[in-house]
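Let's have the full structure, built from the sequences with the hints guiding it.
Protein chains: 2
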Amino acid sequence: MSPDSTPSAEAAAAAAPTTRGPASECSGVPSRPTPQPTADAAPTIPATQEATAPFSFTITSRCPHTRARCGCFHTPHGPVHTPRFMPVGTAATVKGVSIPQLVETGAEMVLANTYHLSLQPGEAVVAEAGGLHRFMGWQGPLLTDSGGFQVFSLGAINRIDDDGVVFRSPRDGARITLTPERSMAIQMALGADVAMAFDQCPPYPASEADIAAACRRTHAWLERCVTAHDRPGQALFGIVQGGCYPALRAESARVVAGFDLPGIAVGGVSVGEPVEEMHRIVRQVGPLLPEAKPHYLMGVGSLREMAIAVAQGFDLFDCVLPTRLGRHGTALVGGERWNLRNARFRHDHTPLDPSCSCLACRLHSRAYLHHLIRSEEMLGRSLLSLHNLTTLLRFTTAMGQAIAEGCFAEDFAPWEQDSPAAHTWTLPSAPTG
Amino acid sequence: MSPDSTPSAEAAAAAAPTTRGPASECSGVPSRPTPQPTADAAPTIPATQEATAPFSFTITSRCPHTRARCGCFHTPHGPVHTPRFMPVGTAATVKGVSIPQLVETGAEMVLANTYHLSLQPGEAVVAEAGGLHRFMGWQGPLLTDSGGFQVFSLGAINRIDDDGVVFRSPRDGARITLTPERSMAIQMALGADVAMAFDQCPPYPASEADIAAACRRTHAWLERCVTAHDRPGQALFGIVQGGCYPALRAESARVVAGFDLPGIAVGGVSVGEPVEEMHRIVRQVGPLLPEAKPHYLMGVGSLREMAIAVAQGFDLFDCVLPTRLGRHGTALVGGERWNLRNARFRHDHTPLDPSCSCLACRLHSRAYLHHLIRSEEMLGRSLLSLHNLTTLLRFTTAMGQAIAEGCFAEDFAPWEQDSPAAHTWTLPSAPTG
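Chains as they are written, first to last, in our numbering: chain G, 37 to 469; chain A, 37 to 469.
One thing to keep in mind: the hints can contain errors.
Computed from the model, here is a short list of chain G residues facing chain A with C-beta under 10 Å [claimed, not checked]: (1) Thr126; (2) Thr129; (3) Ser134; (4) Pro136; (5) Gly158; (6) Gly166; (7) Gly173; (8) Arg382; (9) His383; (10) His385; (11) Met414; (12) Leu415; (13) Gly416; (14) Leu419; (15) Leu422.
Chain A is nowhere near these chain G residues, computed Cβ spacing over 12 Å in every case [what the hints assert, rightly or not]: (16) Pro100; (17) Ser205; (18) Gly209; (19) Arg290; (20) Glu441.
The hints are simulated quantities; they were obtained by calculation from the structure and are not laboratory data.
Because the structure is a prediction, the values reported are computed rather than measured.
Using N, Cα and C, we set each Cβ at its ideal position, and we do this for glycine too.
Here it is in structure tokens:
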């Protein structure tokens with residue numbers, strides 16, 4: 037079995053956080069290398085911003101065996117401790133989850149979608165309310181995407197050219213133009229802590245020529261975004277594209293990094309490509325990103341993929357899957373997906389995930405959740421969404437803790453060649469005992 | 037305008053609790069009569085049970101001008117302070133409301149539906165879980181209805197006779213028989229604090245002969261329920277029927293009261309009759325109920341009707357309306373029903389109800405709730421349900437406080453002839469200033 041073998045990596049990544057206690061298993065193992073203190077690591081890659089600036093990223097610990105790091109991204113609405121999953125609140129609400137419940141998941145930065153909000157209620161209404169934080173009642177850090185992903189994936193596109201995108205509104209058929217300047221204007225009106233550059237994100241598969249064209253446009257648009265963006269207290273992140281073509285990825289990483297923005301994202305993954313392609317992109321691009329900036333891998337939120345990406349120096353993740361799965365009655369438990377509608381849960385009066393302390397697991401049983409899902413009750417969808425978010429937040433928190441304690445490579449990235457546990461992955465088949 | 041005039045009574049009942057502060061407005065008004073101390077009132081109607089028994093009802097204050105009283109119904113899962121609205125949790129969940137949120141509404145006793153739970157998940161599953169409290173995670177008092185109302189209103193009835201009711205399951209068409217003994221068996225398996233007798237509740241209108249037959253059957257079934265019911269720690273309440281026929285109501289009240297159960301309910305209201313008929317029934321039957329027992333008016337939960345009923349000595353209420361309205365985007369504010377989908381809320385950035393401290397009002401604006409409802413977001417339905425429940429709980433709590441402070445008749449029942457405010461209702465038209 038190769039070190040990159042997908043099922044085994046999944047098992048390792050999934051098993052670690054759901055079975056480990058708070059930090060205790062991470063100490064006292066003789067073979068574990070001493071964690072490298074932050075002070076020693078800092079001189080290698082000096083931070084480019086002060087921790088007191090409106091936006092700064094402080095790396096507090098590094099894994100001695102992989103590129104994994106944990107740190108803190110400071111925003112005007114508070115710190116984001118990385119690595120960290122970011123729940124998606126498309127229409128200024130994380131579906132089915134109240135604000136106090138969202139706080140309980142451990143979420144620090146929450147996403148909202150520029151495309152959806154510009155159509156309903158419209159950015160003017162949000163601005164009128166005093167911005168997105170006040171509009172939705174979330175006082176922590178917020179990030180808005182650029183709207184580009186939705187336009188390319190959902191919209192009935194009429195025309196794409198170097199100026200921007202023309203599409204038909206799904207609400208009333210109206211002709212809408214989205215350009216880098218318009219995306220910036222909407223995002224500045226929404227007033228999240230982080231705005232994303234307007235990029236062209238082609239679906240998979242696409243020819244090298246098409247991806248190259250999308251990259252050229254993405255880079256030109258990034259320049260226009262930088263020029264158009266002038267909201268104090270809001271950071272702009274650039275997005276690396278390049279599809280599955282290593283040369284285009286390298287070139288895009290170089291160009292986007294050159295803008296020296298407070299953060300950098302990798303897009304064009306999780307767009308339909310095989311998962312091995314995604315791993316390859318993550319492994320190639322991670323090391324090309326400027327180390328002192330937070331690295332955001334867009335649209336990725338499965339345990340294994342987040343662990344692989346953290347090992348390559350990624351810090352932030354988002355994905356609609358935990359809430360979408362929850363709404364459809366599926367719970368993430370022990371690295372597996374459980375369909376709670378299944379009859380095997382009818383008489384199972386144990387907690388959903390005994391290792392989890394979310395409301396669903398603390399107060400309710402599998403049999404009750406099964407009953408709620410069978411009865412099409414809102415509460416069932418809401419509790420499972422809450423649990424799934426909690427699971428991803430717990431997982432990224434556990435990775436951060438492991439990095440700080442020097443056991444990330446062993447517990448979360450045993451497949452990495454430099455991991456103290458790498459020997460468990462070099463055999464033709466993984467040992468069972 | 038007559039003292040019973042519906043619109044004016046509504047206005048008075050609605051205005052009082054939403055504009056009054058906590059107790060302060062209730063003191064220092066010279067014309068207000070001194071509240072009659074509980075000790076003075078007690079000898080008139082001695083309590084039949086000790087406050088320390090598993091089920092007992094203690095009257096703590098009485099209104100000197102109406103039959104209103106406030107008290108405490110003690111159950112094995114804690115006290116229920118009356119008068120009090122009881123949220124309906126049909127399928128062992130108050131739709132869209134989590135258990136911590138339900139606690140925040142001020143709810144003390146919660147309903148669940150025997151009919152629904154016997155079909156899904158089945159009472160055996162609930163019993164297996166250790167009963168309804170543990171199954172749904174609600175540790176406060178619970179009450180289950182008898183299933184009769186649903187059978188008569190929802191079910192495809194095949195046959196009703198003196199034995200019971202045969203109907204087709206809406207799930208799989210199976211032939212199901214519900215009898216007093218079966219209803220008791222299900223409710224004992226569910227294990228709520230209060231079980232309701234299996235009654236026949238005819239829809240409105242019905243002939244006097246039909247109602248008389250339903251009453252005879254209800255009384256015979258009550259006797260069988262009493263015989264069949266033997267779960268310690270669970271109280272059985274009888275139900276008065278009689279439709280809109282005063283003689284039948286009086287006879288039913290006499291017969292049901294004769295069983296001397298820990299509580300007594302009035303059913304067969306809110307079944308399609310004009311609201312004036314309901315008021316008439318409430319005014320006739322209230323004084324006929326045994327004073328020392330808690331009085332439960334089934335299926336009623338509008339502000340005006342609860343105020344009228346409290347003035348006639350009713351203590352407990354339930355209704356699906358607050359959650360059903362909430363799910364459909366309607367909020368109860370200041371005695372009115374507001375459709376939050378309405379465009380007039382689009383730019384309204386004020387709190388839903390500034391006098392309310394529920395999550396929806398504390399954290400969100402009308403514009404945000406409008407946006408959630410327009411976007412068909414679960415959170416909108418859930419927040420409005422929460423607000424509506426909070427409003428009814430607040431209203432019944434405010435009535436209890438007014439009773440304790442001696443200002444109930446003035447603030448909540450000015451139309452009652454003995455109210456200090458009765459003169460405001462005796463003019464041909466209500467004064468405007």
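We went through each hint and held it up to the structure:
1. Thr126: holds, 9 Å
2. Thr129: holds, 5 Å
3. Ser134: Since chain A brings a Cβ to about 6 Å from Ser134(G), closer than 10 Å, the hint holds.
4. Pro136: Interface hint status for Pro136(G): holds (7 Å vs cutoff 10 Å).
5. Gly158: holds, 9 Å
6. Gly166: holds, 8 Å
7. Gly173: Constraint on Gly173(G) satisfied, holds at 4 Å.
8. Arg382: holds, 6 Å
9. His383: Since chain A brings a Cβ to about 6 Å from His383(G), closer than 10 Å, the hint holds.
10. His385: holds, 5 Å
11. Met414: holds, 4 Å
12. Leu415: Holds. Min distance 5 Å.
13. Gly416: holds, 8 Å
14. Leu419: holds, 7 Å
15. Leu422: OK, holds: Leu422(G) within 10 Å of chain A, min 9 Å.
16. Pro100: Holds, since 43 Å exceeds 12 Å.
17. Ser205: holds, 15 Å
18. Gly209: holds, 18 Å
19. Arg290: Arg290(G) clear of chain A: closest Cβ-Cβ about 40 Å, beyond 12 Å.
20. Glu441: holds, 33 Å
Violated hints are absent here; each numbered hint is respected by the structure.
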